[in-house]
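**Student:** Listed below are the residues making up each chain.
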Amino acid sequence: MIFLRRQLPLLITLITGLLFAGQYYVPHPASEQMLTSATKWLQIIGGFALILGVTSLFHQHAVKITRQEAGWGYSLVLYAGMLGTIAAGLWADGKEAVDGAMTAFGWVYNFMMVPLQGTMFAILAFFIASAAYRSFRARSREAAVLLVAAVIVMMGRVPLGEYLIPLSGDVSSWILNVLNSSVRRAILIGVSLGAIALSFKIIFGVERSYLGGGKE
Amino acid sequence: MMSFSERMLKIDRRIIFLVIGLCTLLPLLYPVGLPIKISSEVRGVYDHIESLPEHSVFLLSIDFDPASKPELYPQAIALLRHAFKKKLRVITMTLWVSGTGMADQLVTQVAKEMGKEYGQDYAFLGWSPGGPAVIINMGQDLSSAFPSDYSGRSTKDLPVLEGVRSLKDMTYMVSLGAGKPGVEEWYVFGKDKYKFEMGGGCTGVMAPGLYPLLRSGQINGLIGGLRGAAEYESLIGQKGKAVAGMDAQSATHFAIIVLVIMCNAFYFSLRQQRG
Amino acid sequence: MTMPFELIVGAWVATGLTLLIFTFLYKDNPLFKLAEHLYVGVSVGYIIVKTYDTVIVHLVVKPIIDNGEVALLVPVAIGMLMLTRYVPKAAWMSRYAFAFIVGMGAGLAIPRTISSFILKQIEDTVRPLLSLAGPDGVTFSMNLLNPASNLNALIILFGVGSVLFYFFFSIEHSGAGKAVARTGVIFLMISFGAGFGYTVMARMSLLIGRLTDLIEFSDASYGRPTIWLSVLIIGTLIVLGRRTKPTPPEV
Numbered sequence: 001m002i003f004l005r006r007q008l009p010l011l012i013t014l015i016t017g018l019l020f021a022g023q024y025y026v027p028h029p030a031s032e033q034m035l036t037s038a039t040k041w042l043q044i045i046g047g048f049a050l051i052l053g054v055t056s057l058f059h060q061h062a063v064k065i066t067r068q069e070a071g072w073g074y075s076l077v078l079y080a081g082m083l084g085t086i087a088a089g090l091w092a093d094g095k096e097a098v099d100g101a102m103t104a105f106g107w108v109y110n111f112m113m114v115p116l117q118g119t120m121f122a123i124l125a126f127f128i129a130s131a132a133y134r135s136f137r138a139r140s141r142e143a144a145v146l147l148v149a150a151v152i153v154m155m156g157r158v159p160l161g162e163y164l165i166p167l168s169g170d171v172s173s174w175i176l177n178v179l180n181s182s183v184r185r186a187i188l189i190g191v192s193l194g195a196i197a198l199s200f201k202i203i204f205g206v207e208r209s210y211l212g213g214g215k216e
Numbered sequence: 217m218m219s220f221s222e223r224m225l226k227i228d229r230r231i232i233f234l235v236i237g238l239c240t241l242l243p244l245l246y247p248v249g250l251p252i253k254i255s256s257e258v259r260g261v262y263d264h265i266e267s268l269p270e271h272s273v274f275l276l277s278i279d280f281d282p283a284s285k286p287e288l289y290p291q292a293i294a295l296l297r298h299a300f301k302k303k304l305r306v307i308t309m310t311l312w313v314s315g316t317g318m319a320d321q322l323v324t325q326v327a328k329e330m331g332k333e334y335g336q337d338y339a340f341l342g343w344s345p346g347g348p349a350v351i352i353n354m355g356q357d358l359s360s361a362f363p364s365d366y367s368g369r370s371t372k373d374l375p376v377l378e379g380v381r382s383l384k385d386m387t388y389m390v391s392l393g394a395g396k397p398g399v400e401e402w403y404v405f406g407k408d409k410y411k412f413e414m415g416g417g418c419t420g421v422m423a424p425g426l427y428p429l430l431r432s433g434q435i436n437g438l439i440g441g442l443r444g445a446a447e448y449e450s451l452i453g454q455k456g457k458a459v460a461g462m463d464a465q466s467a468t469h470f471a472i473i474v475l476v477i478m479c480n481a482f483y484f485s486l487r488q489q490r491g
Numbered sequence: 492m493t494m495p496f497e498l499i500v501g502a503w504v505a506t507g508l509t510l511l512i513f514t515f516l517y518k519d520n521p522l523f524k525l526a527e528h529l530y531v532g533v534s535v536g537y538i539i540v541k542t543y544d545t546v547i548v549h550l551v552v553k554p555i556i557d558n559g560e561v562a563l564l565v566p567v568a569i570g571m572l573m574l575t576r577y578v579p580k581a582a583w584m585s586r587y588a589f590a591f592i593v594g595m596g597a598g599l600a601i602p603r604t605i606s607s608f609i610l611k612q613i614e615d616t617v618r619p620l621l622s623l624a625g626p627d628g629v630t631f632s633m634n635l636l637n638p639a640s641n642l643n644a645l646i647i648l649f650g651v652g653s654v655l656f657y658f659f660f661s662i663e664h665s666g667a668g669k670a671v672a673r674t675g676v677i678f679l680m681i682s683f684g685a686g687f688g689y690t691v692m693a694r695m696s697l698l699i700g701r702l703t704d705l706i707e708f709s710d711a712s713y714g715r716p717t718i719w720l721s722v723l724i725i726g727t728l729i730v731l732g733r734r735t736k737p738t739p740p741e742v
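Chains as they are written, first to last, in the working numbering: chain W, 1 to 216; chain Z, 217 to 491; chain A, 492 to 742.
Hints in this document: simulated from the structure, not taken from any laboratory. Keep in mind the model is a prediction, meaning the values are calculated, not measured. Hints may be right or wrong, so weigh each one.
Dumping the calculated EDC-like pairs for lysine to aspartate or glutamate here, alpha-carbon to alpha-carbon at most 16 Å [said to hold, decoys possible]:
id	chain 1	residue 1	chain 2	residue 2
1	Z	K384	W	E32
2	Z	K253	W	D170
3	Z	K226	Z	D263
4	A	K553	W	D93
5	Z	K302	Z	E333
6	Z	K455	Z	E333
7	Z	K457	A	D557
8	A	K518	Z	D408
9	Z	K328	Z	D357
10	Z	K409	W	E32
11	Z	K411	Z	D357
12	Z	K409	Z	D373
13	Z	K332	Z	E270
14	Z	K328	W	E32
15	Z	K302	Z	E270
16	Z	K372	Z	D408
17	Z	K301	Z	D337
18	Z	K384	Z	D337
19	Z	K457	Z	E413
20	Z	K411	Z	E378
21	Z	K372	A	D557
22	Z	K409	Z	D357
23	Z	K303	Z	D357
24	Z	K332	W	D170
25	Z	K301	Z	D263
26	Z	K301	Z	D357
27	Z	K302	Z	D357
28	Z	K253	Z	E270
29	A	K611	Z	D408
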């Protein structure tokens, strides 16, 4: 049983990992055909992963409702929203519009989901302003450099700033294209090296936290 | 007894909220229309589309959801208007499930406005899960990744896709990305192997991180945030929501700059008082 | 021109929901919580419908029925294994599915990341310097404003080098090493500053987008939902505020 539960999954990871890393360097038609089929499979499995991700909420809110815990009414709203959307979606065959005419599902999407999600993120505008006022202080030389760069870029990227101080546009463009580019490039190289190291650790079974779930 | 600086630093944050709200609202209601300078990053995408011959295949991947709509929706509209004007064959799709409805709506709207016919001049492939897997699969075989388009028609029967078997047949590709998967994934899993020319559009938050790819020529242009969209709208001479938002953008940036200066002034005066 | 009924109702609903979320700026309150939960519910419902329609209907069932692609049942089986996470006794079986996708993901990523982000980026850092010596001898352009100038290429090489040095040699620096690491930090700070500026830009753009919609919906053709619903929601907040004990706002 240990083999089935523990070693076989690690073996699968090892084989698929090496196979698809090696595939990149083997342009043989059979190897390309394997890549085509496997990525198609990955697409389908990706759909199941998505469902697994969102359905973890079901249980959590169902418990709240059955036990009538504090705020269970909100969980009821969540369920109503979800079931209502699913019903509208299945009724409309999963289409928001058919030949340019909005379906009920499209209506829910356009007039509920779009404004709700959009506004959720729009309120961050207020909090970043408040955070800037509270914590953006030149406490050290490094902080001062950060602050000055931020102010130049904020000025140089809007018409009013470029209108009042034309140089601010050029300076912020230089900061972005040269100074920022070099730092982001170093970060990109560093992060990529890290990601590759992690990928190798996964393939060779050193990193195995992704297996999770269930007893040994 | 709190000093003036101390009290100002502890001001109710809702006053700041109100200032930001007004700085956004007032310029939207009473626009000034300051001129917008065009950056070389945005011009890169524009010039490339401008140089494409008629019937070139242009793939636009609308990789965002309603959370980034204000920034990327105007970019998508401006790009589509430009591509349709240049009579390119326009293929659109999305890698973001929550963006599907929005992508369909904007493609349909711009096509209708430009008098384009579905299937003949453009197509919307819809969404497919798996991010990088979709990109690779499209690079291998487009009809495998998308056997049917958004409305369920077989992609093999669409005239606009005639001769287009995989990503290798795309003349130009732009990903409008709000995160992962987005511009970077399109490069790593797409262009790296399938060698099509590529440009990018992204949210303001992501833009600074994409400059290394721009410098190395891995993408040949970058439209960053609402500002980038406004530049593109100016370039094609059809001003829309992005240009309209630029005055408000100016006002809020200056509000933040003033807030930062005030906060530092109070901070230093407080530090001096305390010695 | 008269507005279709569903658009008018839509405008009222969209405006109402937008304003409910905005009430969070005053303080956390039941109206916001209601909208927040509705958002999660609707989003989850939407994702479920889209996934079902795209994956089950278009990627699996149709190809199997139309073209007899039965091999597609394999990924479906792997996908189903993933769902065994919900059955405690069989949860270990989900490991096969995760082993497959994680292994394949790692395998696909390794060569492509090396090629795209390591080799190409290093090449572009070094190449501009190799091209200094052109056919007409050594040339050096000093123009700071041209991102492709030789001076900027040197600055980039120095920036990339010092930041990488700072990252990878985080031991105590001394002497020349200390100077390089300190330069790396300054470069980092400038880039973070630019990043902050762009983040502010992005956040403000989102607010501009939402307010543009609210302004559109304050039009008489929709029946001015923005104005009426603002009044209604502020009224409700006042009533709610009186019923509950006032709490000092968070700082």
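**Student:** Next step is simple, just say for each hint if it's right about the structure.
**Tutor:** Verification of the supplied hints:
no., hint, in the structure
1, Z:K384 to W:E32, "holds, 14 Å"
2, Z:K253 to W:D170, "holds, 11 Å"
3, Z:K226 to Z:D263, "violated, 50 Å"
4, A:K553 to W:D93, "holds, 14 Å"
5, Z:K302 to Z:E333, "holds, 15 Å"
6, Z:K455 to Z:E333, "violated, 24 Å"
7, Z:K457 to A:D557, "violated, 44 Å"
8, A:K518 to Z:D408, "violated, 49 Å"
9, Z:K328 to Z:D357, "violated, 29 Å"
10, Z:K409 to W:E32, "holds, 12 Å"
11, Z:K411 to Z:D357, "holds, 15 Å"
12, Z:K409 to Z:D373, "violated, 27 Å"
13, Z:K332 to Z:E270, "holds, 14 Å"
14, Z:K328 to W:E32, "violated, 39 Å"
15, Z:K302 to Z:E270, "holds, 6 Å"
16, Z:K372 to Z:D408, "violated, 25 Å"
17, Z:K301 to Z:D337, "holds, 11 Å"
18, Z:K384 to Z:D337, "violated, 20 Å"
19, Z:K457 to Z:E413, "violated, 28 Å"
20, Z:K411 to Z:E378, "violated, 20 Å"
21, Z:K372 to A:D557, "holds, 14 Å"
22, Z:K409 to Z:D357, "holds, 13 Å"
23, Z:K303 to Z:D357, "violated, 25 Å"
24, Z:K332 to W:D170, "violated, 40 Å"
25, Z:K301 to Z:D263, "holds, 14 Å"
26, Z:K301 to Z:D357, "violated, 29 Å"
27, Z:K302 to Z:D357, "violated, 27 Å"
28, Z:K253 to Z:E270, "violated, 29 Å"
29, A:K611 to Z:D408, "holds, 10 Å"
In this structure, the earlier hints numbered 3, 6, 7, 8, 9, 12, 14, 16, 18, 19, 20, 23, 24, 26, 27, 28 are contradicted, and the remaining ones agree with it.
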